[in-house]
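There are 2 protein chains.
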Amino acid sequence: MKIGLMGLGTVGTGVVHLIDQNGRNIEKKIGEKIEIKKILVKDPNKKRTPLAEGKITFNAEDILEDEEIDVVVEVMGKEHPALEYITKALQKGKHVVTANKEVIAKHGKELIKLATEKKVHLLYEASVGGGIPIIRPLKQCLAANKIYEIKGILNGTTNYILTEMKEKGLDFDDVLKDAQQKGYAEADPTDDIEGFDAARKLAILCMLAFNKFVLPEKIYTKGISFISKSDIQYAEEMGYTIKLLAYARIDEKERLEAWVHPVMIRKTNPLNGVNGVFNAILVDGNAVGEVMFYGQGAGMMPTASAVVADIMDVKNHIVIQNGCEEVDLIPIEDTFSKYYIRLIAFDRPGVMSKITGVLGNKGISLLSVVQKGSLGETAEIVLVTHIANTGKVLEALKEIEELKEVEKIESVIKVRED
Amino acid sequence: MKIGLMGLGTVGTGVVHLIDQNGRNIEKKIGEKIEIKKILVKDPNKKRTPLAEGKITFNAEDILEDEEIDVVVEVMGKEHPALEYITKALQKGKHVVTANKEVIAKHGKELIKLATEKKVHLLYEASVGGGIPIIRPLKQCLAANKIYEIKGILNGTTNYILTEMKEKGLDFDDVLKDAQQKGYAEADPTDDIEGFDAARKLAILCMLAFNKFVLPEKIYTKGISFISKSDIQYAEEMGYTIKLLAYARIDEKERLEAWVHPVMIRKTNPLNGVNGVFNAILVDGNAVGEVMFYGQGAGMMPTASAVVADIMDVKNHIVIQNGCEEVDLIPIEDTFSKYYIRLIAFDRPGVMSKITGVLGNKGISLLSVVQKGSLGETAEIVLVTHIANTGKVLEALKEIEELKEVEKIESVIKVRED
Ligand SMILES: NC(=O)c1ccc[n+]([C@@H]2O[C@H](COP(=O)([O-])OP(=O)(O)OC[C@H]3O[C@@H](n4cnc5c(N)ncnc54)[C@H](OP(=O)(O)O)[C@@H]3O)[C@@H](O)[C@H]2O)c1
Ligand SMILES: NC(=O)c1ccc[n+]([C@@H]2O[C@H](COP(=O)([O-])OP(=O)(O)OC[C@H]3O[C@@H](n4cnc5c(N)ncnc54)[C@H](OP(=O)(O)O)[C@@H]3O)[C@@H](O)[C@H]2O)c1
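Chains as they are written, first to last, in full-length UniProt numbering: chain A, 1 to 418; chain B, 1 to 418.
Read the hints as simulated data drawn from the structure, not as lab findings. Accuracy of the hints is not assured; some may be wrong.
It does not matter which identical chain is used: a pair holds within one copy or between any two.
[Said to hold, decoys possible] In silico lysine-lysine, BS3-like type, Cα no more than 30 Å apart, as pairs:
| hint | residue 1 | residue 2 |
| --- | --- | --- |
| 1 | 166 | 182 |
| 2 | 47 | 146 |
| 3 | 338 | 28 |
| 4 | 267 | 92 |
| 5 | 113 | 28 |
| 6 | 267 | 168 |
| 7 | 229 | 267 |
| 8 | 177 | 113 |
| 9 | 354 | 218 |
| 10 | 29 | 146 |
| 11 | 139 | 118 |
| 12 | 119 | 315 |
| 13 | 218 | 29 |
| 14 | 47 | 398 |
| 15 | 119 | 46 |
| 16 | 92 | 28 |
| 17 | 315 | 118 |
| 18 | 119 | 229 |
| 19 | 119 | 33 |
| 20 | 28 | 218 |
| 21 | 372 | 408 |
| 22 | 168 | 88 |
| 23 | 315 | 113 |
| 24 | 372 | 46 |
| 25 | 28 | 315 |
Please put together the full structure from these sequences, using the hints given.
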């Protein structure tokens, strides 16, 4: 089997090393040798692994036009030109393995259609959970189930930050700096901390679990940059842990609820034990009940592990690609949740009645209200609602923010008991 | 696709219902209908689900000799005559799906060989973790890895008992009775509570993960019936949780360490959050690192979910069966572990020095020693060793048991920091 590798960064280098290191075993399992014939890169000045010697090219056509290459492995990242290369490879009848979340989340539907027409594989296990096996378990092992809910911790950077904040009592900015130094967060961490990375993976999971296609930018997404030490502490006191959750559910009318949002989860939830850079995906099926997959969602070798498994699968299986259909997203305003709200108010008589009055007018009832130590002029107020309509909550938050008694709404976090 | 179902008990009935309930979806996915043509049972007087009407037979040949039946689904249980029926079905060129741990653990090697010769599938996902997807993830998703360690909570009954003992502060016998009433434990619970069920599943996992065949009865197996409220309490005080762990590891010389034993695990171990009837399997691969699979290891619908996924896979994939080789088990005496030992001694001067003397003579050093409130004539002593040779520990335990100062060794539990 001859491979054209596009990209030799973190993941590409891992793939080259893994095929070298476990090559004998791999050959035994699939009955032939995986040979990396050519490797596409961009920068002529970078030093490469000795295993890449004699294979480097700077021209994608060298791979795409090579008749001997059966499988194109795209690990360059970014939407362009990866999309164009993948498309061309499929058109040429080559199998494609990719780790590219952006391309699959945004263009998966057409690419799957093209692959099905051309009777070739399009495999993308590494794009969702790095090394965590999730795509095959969903497509094969749970094939007899109707899956109706997915909850995931899909981003290692944010989970690392939340874990450190909790364990060391540190504030967001300090942990982020530390994570950047350790290589757990990028120089520009926006994609991770604002939840966009998790939203892309969630979009891919919706495609797999529900056969529903939804663009990641349509998924209501809220990151963790606003979360402070004191939110973590309140959560702890109330018996919860804060996690950045990616959530999707299919309702009785086959409509999709999907969002990425910080959530306080119960200590008894299996996701509570998922710490540091680890990821996990909890799936609910009508026969199997709750199933969870846990592991490293990123990193050189875990990701390479998933990419190479996909390459091996090209030989092992006949092509099955399920199409998927466009779906109506339930507007976030029409969904329901408990909410935790922390705000700073001026410590004046009547402030509490004004705030609770706004909520009452919207029909939102409260589970608990705590007002803590007035900080000179201001006081910190923490409200937890009963299950409420999110649209009403968002309206109420806007009104509360405009009250002259309120300085700032600091945090809005969902609360779940499951 | 025409199916012959052997057995219509818990799992068989689940299979019939699941195919009925999710039939449309299943048909869409595999491109044809699954039709259950005949169902083998034993007892002519039992009431059956209406879905079985007109299909019941009491003669296995009706299924085995039916040329139209492509797939035999064996969910009768017990070693015989299940083994003979499976063998005959494979010889006749029929695919076989089974949930039978005993048959696969004891005869998997020959059956796999036979299936490979006959170019048919032998699928047994449900035999290991009920509904938890584990076989495909191991064989496909982690195919590029060398797997070197497996740790599992493979038995729901014992995990339920340990969880209840901890959460409600109850003693073993009381929880067992309650579990039997609730249907979580059988009338004769020996197979579960003595660890034999876990040992069978571990043997199957060794076959899958390491391609090594080991008979379940050769796996050193210790159950949980000796564990008392006070062990649970000591564990808690020291920061551990007691779990019945099934453990297997391949060493550098390709020898296998495998055992089932109660273990104190750290609260930070992902298995710590696995409570009640849930099972989980933690796999360590050289590329992917630690991966965990979690879900319900038993029950009607979860198990049926795995059986039906196997049936669907018969149509979806070409046959790949990897052979496996006999393996040298590392004798338990040559393995190493920390141990927690709780014993009752007569409260006489010199008793502690005698006990610690025995351990010292065997080269076993101690991490901690606690002697608690002398109970009239006797005192409870809890020892925790550093990592020690298990052979020496077993010898020392024998000598300590023979000391006239010692009434009884109550508990021996492994302790792990990972
Ligand atoms: N890193 C992870 O842990 C991880 C986990 C899961 C999924 N992924 C996904 O895997 C993909 C690769 O990630 P990575 O971390 O390996 O990225 P990376 O380290 O930045 O490597 C990218 C590689 O692609 C090459 N490349 C980029 N644009 C190119 C172009 N236009 N023409 C030719 N070569 C080009 C680069 O060439 P030069 O070497 O010449 O710069 C480099 O070798 C991304 O889609 C990412 O989302 C990564
Ligand atoms: N139950 C679970 O949660 C679970 C989970 C994982 C794996 N499994 C495995 O699945 C298998 C079935 O378990 P189960 O709980 O469904 O067992 P079960 O409820 O005892 O049902 C056994 C069925 O097989 C039939 N049967 C038994 N011996 C027979 C014979 N000699 N000839 C014809 N029919 C015979 C019985 O017939 P009658 O109905 O006439 O008595 C019954 O319908 C076992 O291997 C078990 O280890 C079970």
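Consistency of the hints with the structure:
Within a single copy, residue 166 and residue 182 get their C-alpha atoms as close as 18 Å, which meets the 30 Å cut-off; across copies the closest is 38 Å, which misses it. For the identical chains of this complex, residue 47 and residue 146 are inter-copy neighbours only, at 28 Å across copies versus 49 Å inside a copy, given an alpha-carbon limit of 30 Å. Neither within a single protomer nor between protomers do residue 338 and residue 28 lie at most 30 Å apart by alpha-carbon distance, with minima of 53 Å and 38 Å respectively. With identical chains, the CA atoms of residue 267 and residue 92 are never at most 30 Å apart, being 51 Å at best within one copy and 52 Å at best between copies.
When the C-alpha separation of residue 113 and residue 28 is checked against a cutoff of 30 Å, the pair qualifies only between copies, where the shortest distance is 17 Å, while the shortest distance within a copy is 33 Å. With identical chains, the CA atoms of residue 267 and residue 168 are at most 30 Å apart both within one copy (18 Å) and between copies (17 Å). In this homomeric assembly, residue 229 and residue 267 come within 30 Å of each other (Cα to Cα) both inside a single copy, at 18 Å, and across copies, at 23 Å. With identical chains, the CA atoms of residue 177 and residue 113 are never at most 30 Å apart, being 43 Å at best within one copy and 56 Å at best between copies.
Neither within a single protomer nor between protomers do residue 354 and residue 218 lie at most 30 Å apart by alpha-carbon distance, with minima of 34 Å and 72 Å respectively. In the homo-oligomer, the alpha carbons of residue 29 and residue 146 lie at most 30 Å apart only across protomers (12 Å), although the nearest pairing inside one protomer, at 32 Å, exceeds that limit. Proximity of residue 139 and residue 118 under a CA criterion of 30 Å is satisfied in both settings, with 21 Å inside one chain copy and 27 Å between copies. Proximity of residue 119 to residue 315 under the C-alpha cut-off of 30 Å is found in both arrangements, the shortest distances being 13 Å within a copy and 17 Å between copies.
In the homo-oligomer, the alpha carbons of residue 218 and residue 29 lie at most 30 Å apart only across protomers (28 Å), although the nearest pairing inside one protomer, at 42 Å, exceeds that limit. Neither within a single protomer nor between protomers do residue 47 and residue 398 lie at most 30 Å apart by alpha-carbon distance, with minima of 53 Å and 62 Å respectively. With identical chains, the CA atoms of residue 119 and residue 46 are never at most 30 Å apart, being 37 Å at best within one copy and 49 Å at best between copies. In this homomeric assembly, residue 92 and residue 28 come within 30 Å of each other (Cα to Cα) both inside a single copy, at 29 Å, and across copies, at 28 Å.
In this assembly of identical chains, the alpha carbons of residue 315 and residue 118 lie at most 30 Å apart whether taken from the same copy (16 Å) or from different copies (21 Å). In this assembly of identical chains, the alpha carbons of residue 119 and residue 229 never lie at most 30 Å apart, being 53 Å within a copy and 61 Å across copies at closest. For a Cα distance limit of 30 Å, the shortest separation of residue 119 from residue 33 qualifies both inside one copy, at 23 Å, and across copies, at 23 Å. In this assembly of identical chains, residue 28 and residue 218 lie within 30 Å of each other by CA distance solely across copies; the values are 28 Å between and 45 Å within a copy.
For the homomeric pair residue 372 and residue 408, the shortest alpha-carbon distance inside one copy (15 Å) is at most 30 Å, but the shortest distance between copies (55 Å) is not. In this assembly of identical chains, residue 168 and residue 88 lie within 30 Å of each other by CA distance neither inside one copy nor across copies; the values are 49 Å within and 62 Å between. For a Cα distance limit of 30 Å, the shortest separation of residue 315 from residue 113 qualifies both inside one copy, at 20 Å, and across copies, at 22 Å. In this assembly of identical chains, residue 372 and residue 46 lie within 30 Å of each other by CA distance neither inside one copy nor across copies; the values are 56 Å within and 65 Å between.
Within a single copy, residue 28 and residue 315 get their C-alpha atoms as close as 13 Å, and across copies as close as 24 Å, so both meet the 30 Å cut-off.
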